[in-house]
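One point on numbering: in the working numbering, the residue at position 116 of the sequence shown is 116, and numbering is uninterrupted.
Hints may be right or wrong, so weigh each one.
What the hints assert, rightly or not - Only pairs whose alpha carbons sit at most 27 angstroms apart, straight line, appear in this in silico DSSO-like list of lysine-lysine:
#, residue 1, residue 2
1, Lys42, Lys69
2, Lys112, Lys126
3, Lys134, Lys99
4, Lys110, Lys28
5, Lys151, Lys168
6, Lys69, Lys114
7, Lys126, Lys155
8, Lys112, Lys69
9, Lys196, Lys114
Just so you know, these hints were derived from the structure itself, not from any lab.
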Amino acid sequence: MTEINIDQIRFDEKGLVPVITQSYYSGKVLMQAYANREAILKTVETGFATYYSRSRNELWIKGETSGNKQRVVDIRVDCDGDSVLYLVVDYGVACHTGKESCFYRDIDFKEKEKPDPYEILHALYKKIEERKEKRPEGSYVAKLFSKGSDKIIQKVGEEAVETVIALKNRDKNEIVYEASDLVFHLLIALVDSGVKLEDIQEELLKRYK
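Take the sequences, apply the hints, and build the full model.
What follows is the structure, given as structure tokens:
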């Protein structure tokens, strides 16, 4: 974790600063809470997200009782120094309702039906994992898993060829459609192989120069 210059943080008159917590890998905003100086120092020391409870007037470590801990990869401060961002690897859900994120409703207070574009790959990966485990009747993904790894690999190859043809044809709509098919089946193959999206992201980070 990057060292933080805590003296640059602008705590309010009560010694608190709002903390936004975001998934390091998916980019999903998980929750918002508060921290005081001690909570942030404790987070840096332990590597796990620590906050300050305004109702109980004490520090609390996310997941200390539920097990849904958040390992903090990085801490960032906004341009004015009066808001903090925890980038975390989350082990379980963030919300007390059982939802992955506390921000699961739109402004009309209706629950969101689809993931946001930035998190679609991670959302699809989780959905594929769910299909593999539960094997719901009528599911294309479940049917593909039932046919075994060789069939899944074959489908990836077929979609790759179709994507190459689309690229050769220089047809944007065709490229988008076939590339989406390829990515979707590649995600199925990754789940089948036990490879996490996070593994791919870490490898790509190594190649960013």
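Going down the list of hints, with the structure as the test:
no. : hint            : result
1   : Lys42 - Lys69   : holds, 14 angstroms
2   : Lys112 - Lys126 : holds, 17 angstroms
3   : Lys134 - Lys99  : holds, 19 angstroms
4   : Lys110 - Lys28  : holds, 18 angstroms
5   : Lys151 - Lys168 : holds, 26 angstroms
6   : Lys69 - Lys114  : holds, 25 angstroms
7   : Lys126 - Lys155 : holds, 20 angstroms
8   : Lys112 - Lys69  : holds, 24 angstroms
9   : Lys196 - Lys114 : holds, 21 angstroms
Consistency note: the structure conflicts with none of the earlier hints.
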